[in-house]
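Colleague: As you go down the protein sequences, you meet chains Z and V in turn. So in our numbering the end of the first sequence lands on 600, straight run, no missing numbers. So in our numbering the end of the second sequence lands on 405, straight run, no missing numbers.
It cannot be assumed that every hint is accurate.
[Unchecked claim] Within a straight-line C-alpha distance of at most 20 Å, the following computed SDA-like cross-link-like pairs (lysine to any residue) qualify: (1) K403(Z) with Y251(V); (2) K226(V) with Q360(Z); (3) K379(Z) with D261(V); (4) K379(Z) with P266(V).
[Unchecked claim] Far from chain Z, some chain V residues (derived; all Cβ distances over 10 Å): (5) F34; (6) R51; (7) A102; (8) P109; (9) E297; (10) K354; (11) R368; (12) S404.
Simulated from the structure, these hints should not be mistaken for lab results. None of these values were measured; they are calculated from a predicted model. Even glycine gets a Cβ: it sits at the ideal position worked out from N, Cα and C.
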Amino acid sequence: MSAINPVEPFLRMDRIPHIWCPGCGIGTTVNCFTRALIDSKIDTQSLALVSGIGCTGRVAGYVKLDSFHTTHGRAIPFATGLKLANPKLNVVVYSGDGDLSAIGGNHLIHAARRNIDLKVICVNNLTYAMTGGQTAPTTPEHAITSTSPYGTFEPGFNLPHLVEAAGAVYVARWTTFHVRQLARSMQEMFKKKGFCFIEILSPCPTLYQRRNKMGDGLDTMKFYKEKSKVKNDAPTSEVGLTLNGEIVVGKFVDRDRPDYGSLMRTQYVEALGDRYVECPEAVCS
Amino acid sequence: MKADPRGVLTGTHFIDGDHACCEGALAAGARFAAGYPITPSTEVVERFAARVPTVGGSFIQMEDELAASITLQGAVWGGAKAFTVTSGPGFSLMMEHIGYAAMTETPCVFVDVQRGGPSTGLPTLPAQADMMQARWGSHGDYEIIALCPNSPQECFDLTIRAFNLAEEFRVPVMFMMDEVVGHMTEKVVIPPADQIEVVPRRHTSKRHEDYFPYGTNGDLVPEIAHAGEGYNFHVTGLTHDERGYPNMTPQVQDNLVRRLQNKIRGAADRIASFEEEGLDSADVVVISYGITSRVAQRAIELARARNLRIGKLRLITAWPFPDKQIRELASRVKALVVPELNLGQMVREVERAAAGECRVLSVPHAGGGVHRPEDILKAILEASR
């Protein structure tokens with residue numbers, strides 16, 4: 316009898332094989348996520364996962380959790396409603412760089428500002444992969460994409476810097492080469508209250524690596540190994556990504572400030588006293 | 021079941037339609053709203069923001085209408101009855117999420133207090149020009165339900181009905197107010213909670229292993245589970261099978277989209293509600309809805325004073341459109357007169373349903389005010405000739 320992979324109970328095995336390309340890093344991140352679920356012993360019944368649209372958006376369809384594949388860019392506001400209606404839920408947002416930082420960029424910064432208790436996992440493959448590899452806000456300058464055939468010239472987003480400035484309490488970055496560190500960061504994030512953000516640099520050999528002559532999935536692992544430098548607590552202003560330069564990884568931010576739920580309760584109690592009805596079971600008749 | 025008394029402000033009030041809508045939502049059991057300010061709808065959520073922390077629930081002001089219209093859906097899957105409130109420009113931004121609610125069968129209410137458009141248009145002045153957008157604004161084939169109140173009292177009563185229909189059919193319901201009804205202050209009677217009928221969520225009681233999120237039991241409306249109950253269910257805006265799994269084959273698309281349509285169309289008679297008067301002996305019937313029905317009333321009275329036989333049909337449900345009733349009427353009257361605060365929207369449906377059986381006269385008005393009764397009277401006189 317063949318051994319069962321310990322991550323299988325957390326996956327919808329009846330939906331495997333998945334749609335991701337050979338060498339794609341998204342599956343690796345899901346593997347780390349399921350490892351983190353196992354090792355953290357988190358109650359998965361009270362854990363919901365929300366995705367937007369794109370390659371990473373498909374994660375919601377493969378995990379055996381209450382899972383929501385929402386609209387493009389709107390995973391965070393959907394997750395916000397889910398969390399507010401049932402504060403006992405642990406809500407993970409699992410989506411891509413284009414979904415979270417371009418079309419969903421406004422929601423990203425406001426959720427960080429509110430410090431709403433969401434755990435955001437952002438798989439950054441530096442491009443819009445589902446649609447064929449177009450320029451994203453994260454695409455490094457000079458990279459070739461299908462819509463920048465002569466090389467991009469827009470400066471790319473430094474996501475850790477953005478979310479730290481907006482108010483996130485936990486910010487880390489790893490690559491799909493750093494599987495142990497990544498799983499450990501996810502575990503830390505599960506324990507943290509407030510808006511948490513992990514960026515995972517992940518290869519898209521089919522579109523981004525190929526067009527930029529960076530080889531296949533394995534070559535990208537070698538690239539990540541060679542270029543990555545662990546700098547915990549690095550100032551996020553200094554961790555921007557470039558086409559071929561150093562990739563600063565590590566835990567950049569781990570701080571405490573009251574989350575949206577506790578701020579709301581404090582304010583209502585102060586203003587309304589006994590008239591405040593806190594009612595998480597509220598909700599539905 | 022009966023309304024939760026905590027949300028019911030029993031008594032006689034003198035409030036505007038926006039506030040009455042908020043009280044209707046609370047009475048219906050809504051405990052979550054997400055909004056973004058926009059005239060002339062903002063008073064609904066202003067009142068909700070003040071009331072809901074004393075009732076057990078929450079309001080969040082989101083960064084835009086795109087967010088508001090999906091945040092409320094997250095809340096629904098977390099177990100709440102939820103809604104959002106907007107006007108024209110915000111309604112336009114919400115279209116994608118009306119489609120998402122239709123596709124994922126998320127029971128919820130979108131309140132649109134209509135103002136003049138297109139674009140920013142007339143922020144403080146009325147129109148009824150979002151009626152087709154309410155029906156067709158999101159892409160793809162789907163059905164919604166739309167209600168049109170014509171008074172603050174109906175803003176209360178019909179908001180409850182909007183939530184009840186949303187739960188019964190697992191469909192987004194459009195609550196199509198207009199600026200005049202929203203800002204008009206009148207007497208609103210809120211009955212005791214035990215006299216308010218509230219439709220509970222179609223929550224599943226199936227065992228985890230027997231539950232199919234989009235399986236139906238013959239009545240075309242699936243049972244729902246909420247996050248955190250151990251069902252490990254999947255929800256997607258992609259075409260999906262009974263398990264909720266993406267399945268983009270023509271056959272699954274056909275089954276799904278037809279069911280989404282049939283669950284509403286098949287119940288159109290049950291959903292339809294009207295105010296009717298003098299239809300049996302009428303030569304001409306004025307068909308109107310919302311604030312325009314109150315102006316039309318004056319025109320009908322003026323015409324009757326001239327010994328004309330004029331009937332009144334007020335559409336309380338605009339969608340699904342009551343084809344059968346209009347066709348029956350068309351077969352026995354000379355003409356139908358359709359005044360509305362737009363350049364001719366619902367009149368197209370009336371013409372379609374009447375199918376040439378009688379004359380159909382449009383009485384358009386570009387909005388920014390209401391018709392003069394004389395303009396509607398003129399059309400009635402023309403129709404009576």
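Colleague: According to the definition I'm using, a residue is off the interface if its beta carbon is farther than 10 Å from all beta carbons of the partner; does R368(V) meet that for chain Z?
Modeller: holds (30 Å)
Colleague: Does the no-contact call for P109(V) survive, Cβ to all of chain Z over 10 Å?
Modeller: The claim holds: P109(V) sits with its nearest Cβ about 16 Å from chain Z, beyond 10 Å.
Colleague: A cut-off of 10 Å on Cβ-Cβ distance, and A102(V) was said to be off the interface with chain Z. Does that hold?
Modeller: violated (7 Å)
Colleague: Taking 10 Å as the cut and beta carbons as the points, is R51(V) off the interface with chain Z?
Modeller: R51(V) not clear of chain Z: closest Cβ-Cβ about 5 Å, inside 10 Å.
Colleague: Closest CB-CB distance from E297(V) to chain Z, is it above 10 Å?
Modeller: holds (36 Å)
Colleague: Is the Cβ of F34(V) more than 10 Å away from each Cβ in chain Z?
Modeller: holds (23 Å)
Colleague: Run the C-beta distances from S404(V) to all of chain Z and say if the shortest one exceeds 10 Å.
Modeller: holds (50 Å)
Colleague: Just to be careful, I want the Cα atoms of K226(V) and Q360(Z) compared with a cutoff of 20 Å; is the pair within it?
Modeller: Holds, at about 17 Å.
Colleague: Mind verifying the non-interface call on K354(V)? Its CB should be farther than 10 Å from each CB in chain Z.
Modeller: holds (48 Å)
Colleague: Verify the proposed pairing of K379(Z) with D261(V), using a straight-line Cα cut of 20 Å.
Modeller: holds (17 Å)
Colleague: Would you check the hint for K403(Z) and Y251(V), treating anything up to 20 Å between C-alpha atoms as holding?
Modeller: Holds, at roughly 16 Å.
Colleague: Has the given pair, K379(Z) with P266(V), been kept, meaning a C-alpha gap of at most 20 Å?
Modeller: holds (14 Å)
Hint check: violations occur at hints 6, 7; the rest are consistent with the structure.
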